[in-house]
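**Student:** Residue numbers (my numbering), protein chains in the order written: chain P, -1 to 219; chain Z, 406 to 672.
Because the hints were derived from the structure by calculation, they are not lab data. These figures come from a predicted structure and were not determined experimentally. One should not assume that every hint holds.
25 Å max Cα-Cα, derived PhoX-like pairs, lysine-lysine [stated by the list, open to error]:
id, chain 1, residue 1, chain 2, residue 2
1, Z, K464, P, K81
2, Z, K464, P, K87
3, P, K76, Z, K464
Example chain P residues on the side facing chain Z (calculated, C-beta under 7 Å, incomplete) [to be verified]:
id, residue
4, E71
5, P112
6, N115
7, T152
8, S211
9, P215
10, T218
Don't be surprised by glycine CBs; every beta carbon is placed ideally from N, CA and C.
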Amino acid sequence: MDFLLDDLDIDGALREAGEHAGISRATFLGGTVAGAVAAFAIAPPAEAARNPDIAVLNFALVLEYLQSSFYTEAERSKAVRGKAEDAAKRLGSVERAHVTAFKDLLGKKAIKRPAFNFRGTTEAERPFLKTAVALEDLAVAAYKGQAPRLRDKTVLAAAVAIHSVEARHAAWMRFLFGVQPAVNAFDDAVSKPEVRRVVGATRFVVARPRTSSRRRPRFTG
Amino acid sequence: MRRKTRAAAALGLVAACAVAGLGSLLLGGGDRDGDGQAAARRAVLPAPPRLALDVPTPKGLGNARHVAVWTSVLRPATARAHPQSSARRRARLSRRTPEGTANVVLVTGRESDARGRVWVRVRLPVLPNGTTGWVPRRTLGAYQAVRTHLVVDRRRLTATLLRDGRRIFRAGVGIGRARWPTPRGRFYIRNRLTRYRSATYGPLAFGTSARSATLTDWPAGGFVGIHGTDQPGLLPGRVSHGCIRMRNADILRLDRLVTVGTPVTIR
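Chain P with its partners taken away, still in its complex shape:
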């Protein structure tokens, strides 16, 4: 079954963020995004050939970076209140724990945290909830897509343990946003290229600004 962004993107939260950044709906739904998300280009081919699990784990780590940064920023913004704030705090702490666990497991092979520009979705309650639903649904579908590719059973066990947690998160955020937490008898998985395209289209992952220069200072001295 083909995966459609609209299946995932509850009320178009991710698409809205993309359109806000000047990306057309057509590009978002079907086209490729120029300069795709470098962070998802993860392990070098030689490393991935030796141990395919490393590439999958780094892929999961990027998703955990994305989620943990999203909730952390929402909590710091203090723009989300009440039950949504409670959820942001709890889910943020869990996603940060996932990040720590993956980084410990990967050691020097762990990719670095990218910079994220959530484009205001962490700074108002409705956009926050809409985006949270979309990100959690994406994470659940992505874990499902990658789990069968894992070779090491202990890694698979870890992925399954986190997958069910992400599913609880998805249900929680869906409930808070007012959409059905459980709709289907079976859920579809999402492939890595599809996740890359969806996340790339939001332009949440951005290059860090250049803050260093070799120019001669002209400060007051």
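Assemble the complex: chain P is given as a structure, and chain Z must be docked to it using the hints.
**Tutor:** Using the frame of chain P, we list chain Z on its own:
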């Protein structure tokens, strides 16, 4: 009465049979292959595999008092006195600093307007020092958090770096002379310049959002820097045009501890 007793007894019998049947199914007693084979099959069921990773206990963000957030200007923006398009204009923000780096601003608040658009209050690198203004969120980039804070004491002639409120660095400094005073107030580190050819500024210079209120015609706007020196014998002292000078070893040590976006308090 006797009918009721009989019905209750029949119900009880049915319930007992159901419980016994369920228990038999769960325990394998109902298996046609016999108890022995079922027990053998139970014995070979593998234990769940251990997890490859240890998920640590989730922790909250902790004390946010020492966290500052900065961002960069993505597209030219007008900073306004209030979070409204019609509010009085405070300053114009460009994407680049005079040194060619991203124009960084410190975030001090946020609000949504009546149309649901998010506005962000930022500390502005303009005169008068200490000016803040509101810019639309869409004109700004990714938020970055820092836990460091540099405090420059003009009376004691020291610079102290705090991380999470604890001192991790201190050095003597040179500051502006009486006629070109180093401005007092709350600022932030704007950029980092290195590998340039100028012994005057030492091996490294940080640009700040502070500006000299007296040298307003200084090239590039009279921004106050924190940098090294080729005259370490003058330090500490009131020796500069407003910049904060450090010995070269100190500025290099500071460079390993501080990042762009760090708040700077000059008191």
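**Student:** Any hints this thing doesn't respect? Which numbers, in order?
**Tutor:** 5
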